[in-house]
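**Student:** The residues making up each chain are set out below.
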Amino acid sequence: EDQVTQSPEALRLQEGESSSLNCSYTVSGLRGLFWYRQDPGKGPEFLFTLYSAGEEKEKERLKATLTKKESFLHITAPKPEDSATYLCAVSGSQGNLIFGKGTKLSVKP
Amino acid sequence: DAGITQSPRHKVTETGTPVTLRCHQTENHRYMYWYRQDPGHGLRLIHYSYGVKDTDKGEVSDGYSVSRSKTEDFLLTLESATSSQTSVYFCAISRRQGENEKLFFGSGTQLSVL
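Top to bottom, those sequences are chains A and B. If you're matching positions, the first sequence starts at 12 in my numbering and goes up one per residue. If you're matching positions, the second sequence starts at 10 in my numbering and goes up one per residue.
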């Protein structure tokens with residue numbers, strides 16, 4: 012069964028304190044891995060798509076990486092405005108998207 | 010922001026009543042989706058549409074029906090609402106389906122079934 016697990020569930024950082032979020036997946040034939048950001052009361056907003064192991068994507072303070080079993084979302088020198096829930100999703104063998112439960116990130120000034 | 014409007018934004022209803030949620034897009038995207046989001050679960054697909062009058066079931070379709078009579082509108086109906094359908098419902102759109110296509114989401118509808 013295709014599955015996505017995100018850890019930690021919640022992460023509190025001080026402004027400027029770099030860290031990483033993890034997305035582990037089990038899928039028969041990964042077709043794509045997606046990262047989304049979700050602010051309270053809003054819908055998810057697309058960040059990145061990764062397709063193959065070794066691939067990396069960057070956007071401002073965020074960098075996503077992919078291995079054969081997991082993806083990391085690295086946050087470098089975060090700011091309070093980076094506070095949000097970050098969702099990971101994989102496209103599996105049937106083409107459907109499977110979402111993880113998310114990691115809630117809080118960045119304190 | 011992608012042109013997606015969900016209505017209503019909030020709704021409180023009673024068990025056993027029918028409820029219809031609306032999603033309207035101005036992007037002329039072919040694919041439209043309804044998801045629900047609950048604490049302790051990832052987003053789960055209810056139904057999706059790949060064209061006018063073309064729809065299919067998702068992971069959690071029991072108790073829900075959909076209709077798409079125009080490209081821009083996708084309706085989700087709870088035929089007889091139950092407390093287990095209390096959730097936040099998100100509409101999403103994409104130009105095409107599949108691994109290469111990102112989704113654009115609406116702002117959600119908070120539904121409470123009492």
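I should point out that these hints are in silico values taken from the structure, not numbers from a laboratory. Where hints are given, some of them may not hold.
Derived lysine-lysine pairs resembling DSBU-like cross-links, with alpha carbons at most 30 Å apart [claimed, not checked]:
#1 B/Lys20 with A/Lys70
#2 A/Lys70 with A/Lys119
#3 B/Lys111 with A/Lys90
#4 A/Lys68 with A/Lys115
#5 B/Lys62 with A/Lys80
#6 A/Lys53 with A/Lys119
#7 A/Lys74 with A/Lys119
#8 A/Lys90 with B/Lys79
#9 B/Lys62 with A/Lys115
#10 A/Lys53 with A/Lys74
#11 B/Lys66 with B/Lys79
#12 A/Lys68 with B/Lys111
#13 B/Lys79 with A/Lys80
#14 A/Lys112 with B/Lys111
#15 B/Lys62 with A/Lys70
#16 A/Lys53 with A/Lys68
#17 B/Lys111 with A/Lys53
#18 A/Lys79 with A/Lys112
#19 A/Lys68 with A/Lys119
#20 A/Lys119 with A/Lys79
#21 B/Lys111 with A/Lys74
#22 A/Lys115 with A/Lys53
#23 A/Lys80 with B/Lys66
#24 A/Lys115 with A/Lys70
#25 B/Lys62 with A/Lys53
#26 A/Lys90 with A/Lys53
#27 B/Lys20 with A/Lys80
#28 B/Lys111 with A/Lys70
#29 B/Lys20 with B/Lys66
#30 A/Lys53 with A/Lys70
#31 A/Lys68 with A/Lys80
#32 A/Lys80 with A/Lys112
#33 A/Lys115 with A/Lys90
#34 A/Lys68 with A/Lys90
#35 A/Lys80 with A/Lys70
#36 A/Lys115 with B/Lys20
#37 A/Lys90 with A/Lys74
#38 B/Lys111 with B/Lys79
#39 B/Lys20 with A/Lys79
#40 B/Lys62 with B/Lys111
**Student:** Any of the earlier hints contradicted here, and which numbers?
**Tutor:** 1, 5, 8, 9, 13, 15, 20, 27, 39
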